[in-house]
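Position chain B against the provided structure of chain A, taking the given hints into account.
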Amino acid sequence: MIHGAKGTPAANRMRDNPGRSSEGFAETASSPSKDACTLRRWREYARTSQTALFSVESSLLLILVMVALIGVFWVLLRDTAFMSVGNFMNIVKAKTPVIVMAVASVFVISAGEIDLSIASVPPVVGTLAATLLAHGYGMWIAVAAALAVGLSVGLINGAITVLIGIPSFIVTLGMIGALEGAARLISGEQAVPITNEVYTSNFGSGSLGPVPVLLAWTLGVGVLGTVVLRSTPFGKAVLATGGNEVAARYSGVRTRRIKVAVLILSGLAGALAGLLYTGQLASGRYDLGGGDLLTVLAAVVIGGTALNGGRGSVEGAIAGALLVGLVSNGVILLGFSTPQQQIFSGLIIVLAVALSGRRLRQLRSLR
Amino acid sequence: MHRTEASLSFALELLGIVKVYGTTEVLHGVDLRVRPGSIHALVGANGAGKSTLLKIAVGATPATAGRVIVNGLERHFSGPLEARRAGIGMVFQERSLVPDLSIVDNIFLNGEIRRAGLIDGRAEVRETQQIFERLGVQIPPTALVGRLGVADQQMVEIAKALRLATSVLILDEPTAALTEREVQRLFAVVRQIASSGVGIVYVSHRLAEVFELCDEVTVLRDGRTVMSTPVRETSMRDVVEAIAGGIFQHAHEGAATSETQTHRSLRSGERSPLLEVRGLHVGTKLRDICFEVCAGEIVGVAGLAGSGRSTLLAALFGVIPRRAGEIRVAGRRVNPSSPAEAIRQGLYLIPEDRKTEGLVLSHSVEANVVISILRRLCLGPLINGKRSAEVALQTIAQLRIQPADRRQPVEWLSGGNQQKVVLGKAFNARCRVLLLDEPTFGVDVRSRTEISARVRAFADAGNAAVWVTSDLRELREVADRILILADGTLRDIVPNWPQRRGESEIAHLMQPRSVVHADPAVRDDHG
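Here the protein sequences line up with chains A and B, keeping their order.
Note that the first sequence covers residues 540 to 906 in this note's numbering.
Note that the second sequence covers residues 17 to 543 in this note's numbering.
Derived from the structure by calculation, the hints contain no laboratory data.
Glycine included, each C-beta is placed from N, C-alpha and C at the ideal position.
Incorrect hints may appear among the rest.
[Stated by the list, open to error] Short derived list, chain B residues pointing at chain A, Cβ under 8 Å:
#	residue
1	Arg201
2	Ser354
3	Ile359
4	Gly362
5	Gly374
6	Ala383
7	Ile387
8	Ser388
9	Cys394
10	Pro397
11	Leu398
12	Lys402
[What the hints assert, rightly or not] Covered by chain B, according to a simulated footprint, are these stretches of chain A (three or more residues, beta-carbon under 8 Å):
#	stretch
13	764-772
14	779-791
Isolated chain A, as found in the complex (with noise of 0.2 Å):
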């Protein structure tokens, strides 16, 4: 219900009708009908609750779906330690390479365009600067060759799909192999251990006061990802350029930029998502984050992101991201093999997109 008006029965009259609305409301009004007036209430709260400026799909499904999922585990997983904040922080950490990946993917979905290549930084980052530390070279040079990395990639896939229009599906499909192949390269396909501490405690095991180092990456790029799409000229030529390109480049959208720019934005999600990588392991591998971009994807879409752009949601994003890490939290605690939990994660994530955002709109306004 909360979900903006479209889709309810009001609305399909107001898109029929635009003119006659209020007239419809007034006829509401004088029945005597107790139950009218309550849903109309409701459907007054639903529009003037969405704070957002464009009609972010609001995440309350999602977080019942959670809600429910939780319980169901809870009483599957009795026994264990499965209902403890330690396992709820555990998921977090796990994904939050993950969560800063989607969260950068949102606004390169919102754009109308998309970044395939975002997982297979991570491994190329990683190895990088793990090589980079364990040939002494400090933390800040390790971080700087790292956003480097991400920054031309970026601007690599950019450049392509924009000068030569090429759709950035096709460029950075082919950025993937490259990226493979460059992972191993630096790795020699070993892993490359991590002996610098002070590298391992920012992007891994360290803490912010009480709050886990992990977190505070999830929370800060959650807020500045939220703040950004929300509240900036930015996130809104992202939204127009993905809603309607023509369009917002007529209304003075430098939308050639703003593309290069979110792949960039992609680029250097996927830098930050190695460091974060190798901080947690304390290595850097090839082969980090392996199968994460099915993962992103599908909390960007779970989170409401509409995959042809000029709908986006950060924090459904993140939520998405958690749901999953939820699933394959919970199955792993059930005692199911790999194999049995890559099914299992892999129904659940199609079931949950089915069910969240526009889907489940169209379901209600079919009835």
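Just chain B now, with coordinates in the frame of chain A:
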């Protein structure tokens, strides 16, 4: 299903149609009677209930109450397929053709002629040729639809509907995208169809067409039939009044004041040119265009499709590159290479197609009207939501956008209100020179008057506008001077007041001299 004596004289009767959506009654007992072989105009402002009524006629939605009678038989359509089987065909305003398929494939889509389970292509081509012959159209049936011009696509659309429309053919604003000459061709086809005994329902915002083409006219207002009469027994003025109700008086006053203002501004003599264009060349589409637009002036551009009219605006707005030429805004030389630059220099384009070029349809009214001024709404790095809401509410109030809800996605608005949103965007951007490309396309009479009044007020405030349209009558109403464009060259610039040239003379000048134009694929887009 029983035949009644009285009903036999009508191809289609919609009697006492009531439609309720949820709790809103949008049609309160509408009557529409269409005789076989007659062309029946259905007119009314946006939101009057035309679309809903047509949806009921073609079985897309059921009526809440009332009767649908086709050729004397009462029908209860449960879906569009049944209506089609009953002989009702419709040509939709939005084209429903697949550009990558051939004409034949489009016409027979979902209704293929089969022989032994396979599509009988030859029979389909034969039948298409028969339909085209009947329509007097000469297009090769195997050509790809995407290669055709707008007018020919329209013909294919009609042919498609006609294959099944044995009783009633509904045309929803069929001339909206056509030029004067193509309109005449369409009229000939429509008359041809009617003479074969098919009843035609003709929906249009252009009343002149109604009076030229139609036999009868039914006017809807606010979900009621307010007029239904043979065309020869009524006048344009009466029809306009029936459509607009009380609004007409108001609109007429507005037009009158704007005329006196035109007088005044023209008499005041020396005015500074706000937009100067010198020696503008664009590819092969425009050659040596020179003109200026003064502050307070609306310059109309009259041109057929292919004349370079849209190219002119696109070139000024930095959408397409210019080969040569000088553009000055308020005396300062500008050279926009992108819309963003053009907007900074005080230009703003109201594009031809508001749905694909003017608006982000899925976004709210607010998001759309502030998109060009995001930086101005900022406090520090963040957009101030309150300021944004204020701007949106002001825009809605000023332009009387209905419904007055800034959160409403613009895709739910009617055509006229959508165009007001585009206009609001331009005004908010504080442009000095407004470039309007067919701004009243698909807009109802009421919004049309409001839009021209707003643009006039904008010009009166010391700004300028260039208004492109193929509707000469509209130019007569809005423009101070008319620039005539044909074959990419400027034929003439004529003052609209005092009237020096008649409409027919202007229309004559608009005709291209070369025969190059014969290629139907040449369209006036700037791709």
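Chain A contact restraint for Ser388(B) - C-beta distance below 8 Å: OK, holds: Ser388(B) within 8 Å of chain A, min 5 Å.
Restraint check, 8 Å cut-off on beta carbons, for Arg201(B) near chain A: Nearest chain A Cβ about 30 Å off; hint violated.
Interface hint status, Gly374(B) versus chain A (Cβ within 8 Å): With a closest approach of 6 Å, the Gly374(B) hint holds.
Hint status (Cβ of Ser354(B) to nearest Cβ of chain A, threshold 8 Å): Status holds, d = 7 Å.
Assertion that chain B covers the stretch 779-791 of chain A - criterion: three or more residues, beta-carbon distance below 8 Å: holds (count 10)
Restraint satisfaction for Pro397(B) [CB to CB of chain A, less than 8 Å]: holds, 6 Å
Closest C-beta approach of Ala383(B) to chain A relative to 8 Å, hint status: For Ala383(B), the interface hint holds, since the closest Cβ of chain A sits about 5 Å away, which is under 8 Å.
8 Å C-beta test of the stretch 764-772 of chain A against chain B, three or more residues: holds (count 4)
Satisfaction of the Ile387(B) interface hint, Cβ to chain A closer than 8 Å: Since chain A brings a Cβ to about 5 Å from Ile387(B), closer than 8 Å, the hint holds.
Hinted contact Lys402(B) with chain A - closest CB pair below 8 Å: This hint is violated: Lys402(B) lies away from chain A, its Cβ roughly 11 Å from the closest one there, beyond 8 Å.
Hint status (Cβ of Ile359(B) to nearest Cβ of chain A, threshold 8 Å): holds, 4 Å
Restraint outcome when Leu398(B) is required to lie within 8 Å of chain A by C-beta distance: With Cβ-Cβ at 5 Å, under 8 Å, it holds.
Of the hints listed earlier, those the structure fails to meet are numbers 1, 4 and 12, in rising order.
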